[in-house]
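Protein chains: 4
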Amino acid sequence: MLSVAVAGASGYAGGEILRLLVGHPEVTIGAVTAASSAGDRLAAHQPQLAPLADRVLRPTTAETLTGHDVVFLALPHGASAALAGQLGEDVTVIDCGADFRLADSQPWHQFYGSEHAGTWPYGLPELLTTGGEKQRAHLLGESRIAVPGCYPTACSLALAPAFAAGQVTGDAVIVAASGTSGAGRSLKPHLLGAEVMGSMSPYGVGGGHRHTPEIEQNLGRAAGSDVRVSFTPTLAPMPRGILATCSAAVAPGATAASVRTAYQEAYADEPFVQVLPEGSWPSTGAVLGSNNVQLQMTVDERVGRVIVVAAVDNLTKGTAGGAVQCLNLARGFEETLGLPTTGVSP
Amino acid sequence: MLSVAVAGASGYAGGEILRLLVGHPEVTIGAVTAASSAGDRLAAHQPQLAPLADRVLRPTTAETLTGHDVVFLALPHGASAALAGQLGEDVTVIDCGADFRLADSQPWHQFYGSEHAGTWPYGLPELLTTGGEKQRAHLLGESRIAVPGCYPTACSLALAPAFAAGQVTGDAVIVAASGTSGAGRSLKPHLLGAEVMGSMSPYGVGGGHRHTPEIEQNLGRAAGSDVRVSFTPTLAPMPRGILATCSAAVAPGATAASVRTAYQEAYADEPFVQVLPEGSWPSTGAVLGSNNVQLQMTVDERVGRVIVVAAVDNLTKGTAGGAVQCLNLARGFEETLGLPTTGVSP
Amino acid sequence: MLSVAVAGASGYAGGEILRLLVGHPEVTIGAVTAASSAGDRLAAHQPQLAPLADRVLRPTTAETLTGHDVVFLALPHGASAALAGQLGEDVTVIDCGADFRLADSQPWHQFYGSEHAGTWPYGLPELLTTGGEKQRAHLLGESRIAVPGCYPTACSLALAPAFAAGQVTGDAVIVAASGTSGAGRSLKPHLLGAEVMGSMSPYGVGGGHRHTPEIEQNLGRAAGSDVRVSFTPTLAPMPRGILATCSAAVAPGATAASVRTAYQEAYADEPFVQVLPEGSWPSTGAVLGSNNVQLQMTVDERVGRVIVVAAVDNLTKGTAGGAVQCLNLARGFEETLGLPTTGVSP
Amino acid sequence: MLSVAVAGASGYAGGEILRLLVGHPEVTIGAVTAASSAGDRLAAHQPQLAPLADRVLRPTTAETLTGHDVVFLALPHGASAALAGQLGEDVTVIDCGADFRLADSQPWHQFYGSEHAGTWPYGLPELLTTGGEKQRAHLLGESRIAVPGCYPTACSLALAPAFAAGQVTGDAVIVAASGTSGAGRSLKPHLLGAEVMGSMSPYGVGGGHRHTPEIEQNLGRAAGSDVRVSFTPTLAPMPRGILATCSAAVAPGATAASVRTAYQEAYADEPFVQVLPEGSWPSTGAVLGSNNVQLQMTVDERVGRVIVVAAVDNLTKGTAGGAVQCLNLARGFEETLGLPTTGVSP
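Protein chains in written order, with UniProt numbering: chain R, 1 to 346; chain F, 1 to 346; chain P, 1 to 346; chain A, 1 to 346.
Looking at chain R on its own, in the form it has when it is part of the complex:
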């Protein structure tokens, strides 16, 4: 049994990591830590975690995190580097923040406006990379892993096979709807229930969302060349879930059948990615609480576009489930261990 600590345990991502760890047969849950909520019962912030209700949140410091085999970091951007540096190389550190996701400093500076902390192996096992290899090959046995953002998880898995197989030539346009847990537990008026329910709105329009370069990095790896993406996120009146509607210019000669084949081949052996049968389209409800990615695709001949729609749970596969999947790969467990493959629906 590995001992595991979770930093940022009072937030949505931290809570979801703990939910999954409770069901993971190879770990014991050690320190659960927070910043301003240190000293509180965990149940005050995570009432859904009945088996851990009486745990007390400790402060997020190198001291409280030290002594565990595995540390999950679910912290605000910029907070991970300093902490990770104080944890030994034998400790598996899995970071759910953005700090170590980008390989290049330039987009980091452009989109985050701060110093680039560095690059860790990118924790999206199912991602096709140049040459057809999957990203999981780069995660086995690693002690530092950067978990992808929730939108990049959905969008990259949605478009990578089309780019990798040369079925599209570019001009990617993505409009994605996210449940409001994607914004975290931020106390902002537009995230209040009264303003969220019954309303949809866009944000970060025009290429400004920080997940844009991460999506482009992933698709670029799949394509073997630079990819640019028009990415518009929208806030949807639901707690969880991402529905990513993606399209790109169809390549000459590509057809609905050839596109479908590319996806079926790319994901044939993936335990968490379902290429749905023709005529079925994904819904976020169907993946709620699971580590699944549901995909469907077609070609709109009239306009010359491949359309791919992906659904994930932003907190499970999009964050915490992806993180636990990385733990499994890093520590040599079966990749699916402790990860739900059924959604909670309706």
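Everything labelled a hint here was simulated from the structure, so no lab data went into it.
Footprint (simulated), chain P over chain R, 3 or more residues, beta carbon under 8 Å: (1) 177-184; (2) 192-198; (3) 228-240.
Far from chain A, by Cβ distances over 10 Å, these chain P residues were calculated: (4) Val56; (5) Val91; (6) Gly131; (7) Thr261.
The calculated SDA-like cross-link candidates involving lysine to any residue, where the alpha carbons are at most 25 Å apart (straight line), are: (8) P:Lys188 <-> R:Leu187; (9) A:Lys134 <-> A:Arg228; (10) P:Lys134 <-> P:Phe333; (11) A:Lys188 <-> A:Phe111; (12) P:Lys188 <-> R:His77; (13) R:Lys188 <-> P:His190; (14) P:Lys134 <-> P:Ala103; (15) P:Lys134 <-> P:Gln217; (16) P:Lys188 <-> R:Asp40; (17) P:Lys188 <-> R:Gly184; (18) P:Lys188 <-> R:Ser36; (19) F:Lys188 <-> A:Leu187; (20) P:Lys188 <-> A:Glu278; (21) A:Lys188 <-> F:Ala43; (22) A:Lys188 <-> F:Arg58; (23) F:Lys188 <-> A:Arg58; (24) P:Lys134 <-> P:Glu334; (25) P:Lys134 <-> P:Glu265; (26) F:Lys188 <-> A:Ser186; (27) F:Lys134 <-> F:Asp226; (28) P:Lys188 <-> P:Tyr203; (29) F:Lys134 <-> F:Ala256; (30) F:Lys188 <-> A:His190; (31) F:Lys188 <-> R:Pro277; (32) R:Lys134 <-> R:Pro107; (33) A:Lys188 <-> P:Ser280; (34) F:Lys188 <-> A:Lys188; (35) P:Lys188 <-> R:Ala35; (36) A:Lys188 <-> F:Gly184.
The beta carbon of each residue, even a glycine, is placed where N, CA and C say it ideally should be.
With chain R's structure known, arrange chains F, P and A on it following the hints.
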């Protein structure tokens, strides 16, 4: 005072028409009719219409509709032509169905697969047409008007100014989210509350949605040349509202400023269209229950796209409000009469 | 035309007051004021109020409010007294806060724990009081009116006729569900959309909610003797609306028919209260955005209880609509002026 | 490994049973059956069950169900008896319908209006019965078990300890809010998403709901004498969850402390029932997808009532989780096997 009948008064569109007519100072509400619900109290289907609660639904026939100055048709597609033919030319007939929206028979056959009933003046007053004229010029004093579909209202007003002003060159991509009232009162499992709440899903993907040729017709008129649109509708967990995220390839030389100017000029005098100040983005909550269209736009230089987002209430501006606006134009009332310009929010 | 100021215009109640005033034919909207948001465009806080979008919020001070015929106060509890004292007696002041609602100091001290500001005429026109007189008689021409709380509006109108007509003997139990706008724009984690959607929870359980003494005061007036109420509010996953499920011990000899008669007589001439036909039950959706109160009642003979269910929109009839209704009474307008009698539904 | 069949696998209860069985280590899933949907892929009705997506629904007949060790029945009321009679006594039959829940024929006739099928051991293991024994004692090794209704699960566990310990004297009043999955997949207009979202409404008011006699039976067993309950269910705008707000007249001498002690003692060793610490109140969000029951209680001295609030997931603990818990008891597995103790939240 005009006497007005509403056919299809047990449905969502019919109910919204009646809600607006209750507040319209120049009409009295005559027959309210339905198909299988004829004989029921109106309140059994429209409990929100307290002033009309004791009205009894009559059958939808030429006989019950005859004798009114104005008849609104809120019927399933295909049902309007026969009825309208039995109403005198002096009766103002405003059809909320699709039957008379398309000018050309070819797309009608392709998307509806039935005989084309014909073409009536298209009831989207704010739509720019070739030469910069607005569509309202074609509605004044008309006795037959085809009210636009809800998606075409949002999407056409969102992209027409950019096409009309030559700010975009094509490759339009629209992903729109709609509240579930857009599907009407159809008893289908995927529209049940338990399956809708907390879930988003796409439908009609790949160019198959029937509103596609209507959007293309409208944008083609604005552009003065054929326009093709990649249109993907999605079902959002809210009762009402459409958020249309639209983009198209930016024209050489066009900038965020020049695009904005095109929209400000196009809609400067429009009572129901708000081009929001820079930095503010539309939300469907802000237009709920109103006849407003809120718009914002920008240019994503990295990818060469103009992005425009529009929010409307699918039942108000998208159907019933648009219909009453047509009544006002057809009968020479002030265009805004009886139409709410404030949303019900939060 | 009366000039009207609204203090607290950045909040939910203030926004709803303004929505109604935009449609009120006898007023012009003067100063709109706020505390920390002073200086902002109104649209930054109330994007739904398109006709007032460019108004600028001024600070809430006696100075900015002076010079208007009518002042609506939509402020945190405790803030109204000082301001009202600086406004002339010729100014109609309508307070949506709690400060002046209670006639007795004792419950004020017990439930609010602060000094009792005083008592103004209580702005619930339809409330039966001892002797069968309605409360509206005490509002005509008044220059200071305390608008009821949202729960007391629903609960008092639900139970007062049964108490006034001697159809119940006491032991009132109320469980009410409210949309989250009832909590105002408070930035608290449990009001975030992600935590509200898909979840119901109680609060103020055990008699602690501050609306309890107000309900008891109202029912006591109707009964002509002291009334105690078990009141449990719950937070429901919707933006607006209160559904109050109320019951009390049936009086000897009272029957479903006699109870119904009491309600029909009590509300026969009320423009905003609908006693639904037998078999129809209220829903909050049916009154959304309207000033209506929908009621239904029965007797459960097995347990000896009268059950009454009421639905209101907490922001409209429960706050802002009630306030405008008070304005109409205070200034001698028709009581229904500017007040919607149709809900926005679905 | 036991082979398990699920009849009614296209409905919400059947889907949830399958979700839990996928995670149960001691079963293999055999036949999944349906009525009108027989022949469909399971994924057409249960897209969330990825591991079972390609299963084909077979017809619900004794023939398809025969040959399994365990059969779950998730059928409309009235359909279970005939099927169960054709399954051998060595088959464990767990019925999620109402047919075998009531011990007495009289309330069955009164509330269901049909012939009483009989009585099976009642599958609510945590229920206190006369003498302080728990109901689980009657389930060990049984081959026929009647799973409780969703409301009775929440309401009975909420009030039984107070009755059993003599802390209340009667006059129980329950108002419960349920997510709309509680109504099943019935195609009725008032269950459509557009009508459900943003709206709350009561139903079965006045003692008519069929779960009333079941609650009374359970509380009567706990009290050792007849109990009558005023029960009002309401439909809440959420997919899942029941929040039951329960109260009863406090017994002389009972205090908040003595009441709390009664609950703590009753549920001290229960793995699925959490008596929350003072000051914390249940929410349905916190138990979503779990087999947990969260409870909190207090005494309102002003009105002489004990108030208890319970939250459960109607589909998990309220139906399918309860059913699997019965399977565990019937077959001698650890009672918690395969049952989630963490909620999916936010």
